[in-house]
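Which chain is which? The protein sequence lines are H, B and D, in order. Just so it is clear: in the first sequence, position 108 is 108 by our numbering, and no numbers are missing. Just so it is clear: in the second sequence, position 71 is 71 by our numbering, and no numbers are missing. Just so it is clear: in the third sequence, position 307 is 307 by our numbering, and no numbers are missing.
Heads up, some of the hints might be wrong.
Claimed, not checked - Which stretches of chain D does chain B cover? Using the computed rule of at least three CB atoms under 8 Å from a CB of chain B, they are:
| hint | segment |
| --- | --- |
| 1 | 8-19 |
| 2 | 55-66 |
To be verified - Beta-carbon label-pair distances, calculated as ranges:
| hint | chain 1 | residue 1 | chain 2 | residue 2 | range |
| --- | --- | --- | --- | --- | --- |
| 3 | B | Q59 | H | I55 | 26 to 34 Å |
| 4 | D | G35 | H | F59 | 31 to 39 Å |
| 5 | B | A30 | H | F82 | 28 to 36 Å |
| 6 | H | N62 | D | W64 | 21 to 29 Å |
| 7 | H | A14 | D | P450 | 14 to 22 Å |
| 8 | H | F59 | D | W64 | 15 to 23 Å |
To be clear, the hints were calculated from the coordinates, so they are not data collected in a lab. The structure presented is a predicted model; accordingly, all values stated were derived computationally and were not measured. For glycine and all other residues, C-beta sits at the position ideal for the given N, C-alpha and C.
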Amino acid sequence: MSVLSALIVAVLFAVGVYLLLQRTLSRIILGLALMGHSANLLLMVVGGRAGKAPIIGAFGPNDTVADPLPQALALTAIVISFGIIAFLLALAYRSWVLTENDEVEDDLEDARIAQLGEAEMRRWWRRSE
Amino acid sequence: MTQRRSVILDLCVQAEFHTLLLLSLYLLFAGHNQPGGGFAGGLVASCAFGLRFVAGGGQALSRSISIPPTTFLGVGMLFAILTGCVSLLSGHEFLESAILSVDLMVIGKVKTSSVLFFDIGVYLVVLGMSLLVLEQLGEADGSDPDEVQP
Amino acid sequence: MSVLLVLPIALPLLAAAVAIIAYNQRTVQRIIAVGALIAVVIDAAFLLVAVERDGVQSIQVGAWAAPIGITLVVDMFSALMLIISMVTVLSVLIYAIGQPGVDQDQPVFHPVYLVMTAGVALSFTTGDLFNLFVAYEITLAASYVLITLGGRREQIRSGMTYIIINLLASTLFVVGIAWVYAATGTVNMADLAVKIAQLPAGTQTALSMFLLVVFGIKAAIFPLFFWLPDSYPTARMPVTAVFAGLLTKVGVYSIIRTQTLLFPQHVPSTILLVCAGLTMVIGVLGAIAQNDMKRILSFHIVSQIGYMILGLGLFSVAGVAGTVFFIFHQIPVKTALFLATGLVEESTGSTALSKVGGMIRRTPLVAGLFLLAALSLAGIPPFSGFVGKLGIIQAGFSAGEYAIVGVSLLVSLLTLFSMIKIWNGVFLGTAEDPTLRLAASTGETRLSTPVLMRGATVALVGVTLAVALFAGPIFDLSERAAQSLLDPSDYIEKVLG
């Protein structure tokens with residue numbers, strides 16, 4: 001059980017990272033969501049074996065009891081990532097409305113350096129001609 | 001948007017809407033020692049309004065609810081934080097829970113916990129947040145995209 | 001007692017709730033926001049006095065005993081951070097109220113700003129690793145809204161980078177918490193301090209490095225700083241100013257808190273020192289290459305983070321004390337610099353060095369404010385930056401780390417150079433932009449800005465001067481903060497009871 005969960009955590013994380021490295025915004029957001037799921041699942045795996053509900057009266061002296069803390073932590077993390085992913089999607093939609101394009105744009109510095117490089121190239125070509 | 005409304009979806013949503021709201025209230029009150037709680041209840045209620053939105057667009061949504069979503073958000077936050085502050089003012093720690101039992105003559109004795117008020121706050125915050133998002137998306141249907149606040 | 005610890009979090013949240021109900025009543029929102037933040041500043045002052053008198057203060061939220069429940073705990077370091085950040089947040093709020101077009105057409109500005117304040121206060125006061133994550137998320141969620149407020153194309157582009165990077169860091173933070181929990185079975189920091197010490201050395205190092213990476217992204221240390229200089233400058237000026245002053249410092253605070261409290265035996269000193277040096281050098285070199293006030297200052301945020309990490313990397317009382325003082329000085333100074341830049345932008349419409357010029361004749365007040373803050377940033381005596389850098393450099397000398405001390409002195413010089421570059425470009429010389437020259441030739445020599453904006457900037461520069469004036473007592477407090485950071489027995493005892 002634990003091995004399977006760990007494997008799922010790993011696969012989700014790997015897929016998440018792969019999607020995160022893409023150029024399109026929607027894939028990046030999906031990647032982040034998958035990584036979030038993977039992290040939450042990891043929290044559950046960390047809690048140890050499944051067991052009876054940790055409520056007084058719900059388990060006997062010999063029962064294994066589930067660790068409630070990681071569940072509470074995972075629940076909180078899920079709520080948070082739900083809210084932020086929703087916001088991110090709204091923002092991506094806004095970006096699409098503004099630019100009609102789903103791609104992440106270059107940051108200013110990158111654009112400037114690319115420009116400098118191009119100018120340098122052009123000068124170099126002219127000199128060699 | 002209004003021209004392409006589906007009759008089946010519309011009717012189903014109308015039939016379901018109040019049942020869903022009732023279910024969300026059940027989840028809210030059951031949350032004390034059964035599965036449920038403010039967040040789950042709030043999500044179910046948001047789903048109810050979300051369905052309204054899917055079926056009838058922004059107008060149907062604004063017709064079914066007249067209070068602005070920000071008020072839901074604010075009142076919810078007030079509920080949640082004041083629950084904490086009340087226990088602080090009564091000489092206990094911040095957010096310390098207490099068990100309240102009320103004797104309602106006909107129904108009998110009702111026992112609940114002060115956590116319920118916190119849960120009501122969460123319920124309202126979740127609902128308000130979702131309504132806000134739906135409202136913004138509804139505006140996005142209009143011709144002026146600059147109106148949308150992300 | 002417990003009221004003092006709860007108020008910095010509860011009051012801004014309450015005020016945010018009321019402010020969002022009063023959605024379209026701007027006056028009500030303003031009064032509530034300013035009132036709440038003034039109350040929080042007073043509360044933080046009481047808290048500082050209480051910590052100074054009685055040592056670490058802590059409460060258990062919901063009366064759940066320490067390792068199970070959530071702990072709020074304030075030691076000297078937290079108290080110092082709390083008061084200076086709340087003062088800064090308050091002055092930026094007044095500035096934002098004064099600036100046309102910030103809160104007027106944005107009904108969500110006040111509620112979101114207050115929620116961000118609550119998040120910052122929570123991250124300084126929490127004694128629980130997972131609750132620190134929650135505090136981060138509260139702060140960040142609010143900051144996501146603030147940085148994209150207005151929704152211009154440029155803002156969405158850079159805001160997107162900011163959100164994605166921070167969301168990635170948050171996800172890694174959850175993974176880190178899961179590992180810490182797997183290794184120890186607790187997330188209470190005082191409890192962790194006891195339990196992590198019993199773990200094998202390798203596990204400790206792994207956890208320590210992982211948390212360093214997580215907080216390193218938030219604090220923008222080398223090589224994880226790339227997102228900052230591009231995303232900060234596009235927001236509205238009050239937002240940029242408060243981000244510049246506070247948010248990265250919350251990251252630095254978390255690095256210092258976790259490294260000193262959780263991993264005192266395994267502080268990766270060498271790595272920290274190397275990262276500090278590279279952060280300083282690359283930040284300042286990036287600043288020199290820029291031609292816009294906002295972007296120059298954004299790179300300086302990165303550069304100054306290096307000094308803070310340097311003090312921690314030395315891992316002596318003197319070094320950490322220097323760091324604490326340096327952060328205490330840096331929060332208002334950095335914010336004041338951005339606010340002064342905002343005044344330039346408000347009166348001329350630009351912050352590009354090539355477009356603006358001769359500001360000293362038009363707005364001598366802004367020039368003076370910028371000069372005071374810039375000299376303080378560069379570390380010129382007798383300003384507060386000098387005291388902080390002196391503390392760190394002395395600690396470096398006594399630890400025998402001459403190379404890094406040399407680097408930090410060089411960076412100081414380069415900082416001064418780029419401040420002079422701004423000074424020459426913006427305040428001296430003549431305006432190259434035709435519209436600005438037109439304004440000068442029609443006799444409109446004085447450019448005016450709203451009173452509240454100027455007032456808030458003056459107040460914040462006043463705070464930085466006060467930090468310089470009372471450098472002695474504040475440095476004593478920093479030293480006590482450093483002592484309690486390096487010997488957390490009081491902290492652990494007060495939390496675990």
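request  = Mind listing which of the numbered hints don't hold for this structure, in increasing order?
outcome  = Hint check: 3, 4, 5 and 7 fail, others pass.
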